[in-house]
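Undergrad: Chain order of the listed sequences is A and B.
Read in the working numbering, the first sequence has 1644 at position 170, and its numbers run on one by one without any break.
Read in the working numbering, the second sequence has 1151 at position 280, and its numbers run on one by one without any break.
Everything labelled a hint here was simulated from the structure, so no lab data went into it.
Each hint should be verified, as a subset may be incorrect.
To be verified - Once the Cα atoms are required to be at most 20 Å apart in a straight line, the calculated EDC-like pairs of lysine to aspartate or glutamate come out as:
(1) B:K897 / B:E880
(2) B:K939 / A:D1688
(3) B:K1224 / A:E1588
(4) B:K897 / B:E924
(5) B:K1018 / A:D1530
(6) B:K1235 / A:E1554
(7) B:K1238 / A:E1588
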Amino acid sequence: MKKKLIIANKKFNSRLFIGTGKFSSSRIMAEAINLSGAELVTVALKRIDIEHPDKDDILSHIDKSKILIVPNTSGARNAEEAIKAGEYIKSAGYNWLKLEIHPDPNYLLPDPVETLLAAEKLVKMGFNVLPYVNADPVICKRLEEVGCAAVMPLGSPIGSNQGLQTISMLKIIIEQSNVPVVIDAGIGKPSDAALAIEIGADAVLINTAIAAADDPILMAQAFKLAVEAAEKYNVSGADSVRLNASASSPLTNFFN
Amino acid sequence: MNDIFFLDESSIKTKLKNVCDSDIIKILKKTANFTIDDFIALISEPAEKYLEELAQKALSIKIQRFGKTIKFYCPLYVSNKCINNCLYCGFKATNFARRKTLNFAEIESEALKIKEFGFDNILIVSGEQPDEITMDYLLKTIEILIKYFSYIGIEIYPLSESEYKALSNAGVDGLTLYQETYNLEIYKEMHKYSQKQNFNYRLAAIENGAKAGIKELTLGILLGLYDWRIDSVFLAQHAKYLIKKYWRSHINISFPRIRPSVSDFQPRYPVSDKNLAQLIIALRIVFQDAGLNLSTREPAALRDNLVNLGITHLSAGSKTNPGGYNINDRTEEQFKISDERSPYEIADTLKSKNIDVVWKDWDKYLKI
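Just chain A, same shape as in the assembly:
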């Protein structure tokens, strides 16, 4: 039976995490988060006024008593910028950080070399580091070795809603990982999120699929239900998948 989700000694009651970009208003974002049951949301440091959270439109809409806010380093193109971001995040009193380093401004694909360099330093600075990476099993092990609290491989290019295009690599990552695996980026449909949980991912992070929907609040609930359905599936002892119908007449009862 799959245990409760714990990352860096913190227990989460929901395997659904939410990103806060692209919403048409912070009110809609807040309601979508509430109804999704998510207990972890990421916010881009570049979008917020981290020094004045009460005045900031995004931060002031998130209920910090129920939800863990994890600032991310979105926009950073190298380790140096991500570490600088870490310093600002640290001095604002946060100790969780989602590490995003993407030198390509179009597909925003993560740079594995810079991510590993930055992760090591940010762990030493005392952060629970959640690195966004390509679905590369080796880089995930390397990030685990330098002390990351989880790994966040992508399902397909960020914002693309293409689902789990990297599924064969994700399965290897899940099999090999000693830290939680959160599938981030590319999840477009509730069925993609369910599939991620069914193959053993510990959680999923969704942003575009919810924020860009016509009704983000309803869509957030759809993802909540999908993740919960897959969790129940995982613990209910599913029958195995076969290609043929099972034979009704036993073939080996002549032994008896």
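Position chain B against the provided structure of chain A, taking the given hints into account.
TA: Frame of chain A; chain B shown alone:
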């Protein structure tokens, strides 16, 4: 130059002539790998019939890539003195009236007023006056503005790679440099003075910026100077080239239409609202991640409608004369503003259309 423009004017004209309806229908079904040929089809005359379907496609791309948001920015004109005599511009040298270069106290005063509105993204704009707008002047200006704004762009005369590097180190994040037109003959006719006569010098400068590590590059054509269809295909080739070669820099595109100014210039190739919309849609579909800017040159009602076709950045509350925000000198404007609403009025209108205004989308950690 041929590295950049693999299609010359005559091949563009031939391709434009050969576009047929089935090309557009094919593009409507496509989801990735949009080419310059697709761009040509999208800006062609036959595509005008499919504008509604194409607009729907552009909007869905915009929402997917950028969300239901619009970024706000604000220009700060530091000087309207200019040694150039660009025929269409309010700052042209033969117009001697009402010239001014802001001093540093005035820059700070303007900055404070702009900050008061809530802007976090500022664009330094200046005429070409190298004896006043020196590197020292620019560096000091940046030192002042960096106290108030996360994102600093420059729209000034072309510089060398090392000069751009110095400005980037000081805190410049974006470089805006329009080629104005890619038609060499018209370019030469419009720009008869100083270094701006040299088309290739200007073309090279944006690459100097990219090599210097400036993170956002904004290209543009001035609509009205030449046939917008042909000029925009050159612009698209330029953008494609820069995106592939300088893959770490983000590309933004502007397409300002010529507005009335003291220059009294009449556009020879006026561009209709419908064709402006067609251009925006084509750019959104082919360059899905590029920023698309729309300034206060365009009227309010049109801007409110164009945001849904793929625009990502709007200027708001702009003044195009040095000292226009707080000093209130009657200095010459570069062009007449058309959308005169305050930033808040524009934000409220956008909110009613379910679009969130993003005032801040940059931070000091991105300035290394």
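Undergrad: Which of the numbered hints above does this structure break?
TA: The structure conflicts with hints 1 and 3, although it agrees with all the remaining ones.
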